[in-house]
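Protein chains: 2
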Amino acid sequence: MAKDMTLLWGSGSPPCWRVMIALEEKNLQGYNQKLLDFAKGDHKSPEVMAMNPRGQLPAFKCGKNVLNESLAACMYLENQFKSQGNKLIPDCPAEQAMMYQRMFEGLTFSQKMGDVIYYTYKVPEGERHDSAVKRNREALAAEIKLWEGYLEKGSGSFLAGKTFSLADVVVYPSIAYLFRFQLCEERYPKLAAYYNSLKVRPSIKASWPPTWLDTHGPEMLHDI
Amino acid sequence: MAKDMTLLWGSGSPPCWRVMIALEEKNLQGYNQKLLDFAKGDHKSPEVMAMNPRGQLPAFKCGKNVLNESLAACMYLENQFKSQGNKLIPDCPAEQAMMYQRMFEGLTFSQKMGDVIYYTYKVPEGERHDSAVKRNREALAAEIKLWEGYLEKGSGSFLAGKTFSLADVVVYPSIAYLFRFQLCEERYPKLAAYYNSLKVRPSIKASWPPTWLDTHGPEMLHDI
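Chains U and A supply the protein sequences, listed in that same order.
In terms of my numbering, the first sequence opens at residue 1361 and continues consecutively.
In terms of my numbering, the second sequence opens at residue 1361 and continues consecutively.
If you're looking for bench data, these hints aren't it; they were derived computationally from the structure.
Careful: at least some of the hints might be erroneous.
Intra- or inter-copy, both count: the list cannot distinguish identical chains.
Simulated crosslink set (DSS-like; lysine-lysine; CA at most 25 Å straight-line) [as the list claims (entries may be wrong)]:
#1 K1513 x K1494
#2 K1421 x K1522
#3 K1421 x K1482
#4 K1482 x K1494
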């Protein structure tokens, strides 16, 4: 089946990384894939636009079916390959509810992170305001504290409890992104422990962003 | 089961409406519910904050399980009540892929709509720019054209094909919102036909925002 799949991706992009983790978890190695470069504008290339008219990565196809939205791809892969690889949606209603809740809260988290990290990319020069930068950073700090609290109060090592689930697939890349941008491990010990413990999980290790392997990210979040 | 559920909601809010449509589709009428008023700041009240610390509506509980994120609630209800009411996730892989893809694209649609309609609410006075308003409106217009095209090229009356699915549950409220804010029906005939045909669907009729029944919305999107 993996041979029928094609993924165009960018290194470090949380949405791309989610799909790659899900593919690994479902034992779907060996798919066709191509690493593209956001900095060169590859995501607006004709090759990507033909698969994803939004000009975004990932661009992902399973056979003839297009699943460019990362959560759509993850949900679809889990549904189509239920008994293959690791089960990513818990059966227990309480864990399942928690999984869905955290998974979708993860999109808010990811957006607040993007509002800080990509502010100058997203907002044209004449429209930038220090007050907006300050507000965005405060919103991100509040969001990070929320997730630190979830892990502190949680009943297991994972976001939805005792087993790795789609909540982790969706949110882990954003948490890794925070630390890539130098979030202080001492200030957020639960997030740091979660981040470090999952680094060695085979699906995550195998899909670790290649551009992150031998470099440090900017110190953008150190004082958050 | 519905007696164990509690929904705090606001009239017209697409996320609240999604949950209400899903509850109707799954024959889960009779849940505890309370209509709150965003204009009075009810969504920041202690009652809401106790259920949803983000201070947002919907706030939704199934027994002890919290599902405040609207897509989380919809996915959970479909999974827990698979054989009750209408099936909302198609079995056919092609339709299922399309359903997930459209469902998650619906979040982008909803966000672009919010960027236009709630600009003055979201952006403090000193940070507002005509150039941003123009850009947001252009982005929304492009998004609406995309959805008009999806319906034009689609193989059925619904967003994921021949049957009503979670894609419709998630996206219909945003499309209704566009027309509430006076989007021109003649300019977007497929969207208008979709909007009007689903108005009479029992789940949608039963959950129609009460504040919309006898009033027109502002003409904000008429020239888009």
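Hint check results:
1. Taking identical chains as interchangeable, the C-alpha atoms of K1513 and K1494 are never at most 25 Å apart, the minima being 29 Å within one chain and 44 Å between chains.
2. Proximity of K1421 to K1522 under the C-alpha cut-off of 25 Å is restricted to the inter-copy arrangement: shortest distance 22 Å between copies versus 31 Å within a copy.
3. When the C-alpha separation of K1421 and K1482 is checked against a cutoff of 25 Å, the pair qualifies neither within a copy, at 28 Å, nor between copies, at 36 Å.
4. Taking CA atoms no more than 25 Å apart as the test, K1482 paired with K1494 passes in both settings, with 16 Å inside one copy and 15 Å between copies.
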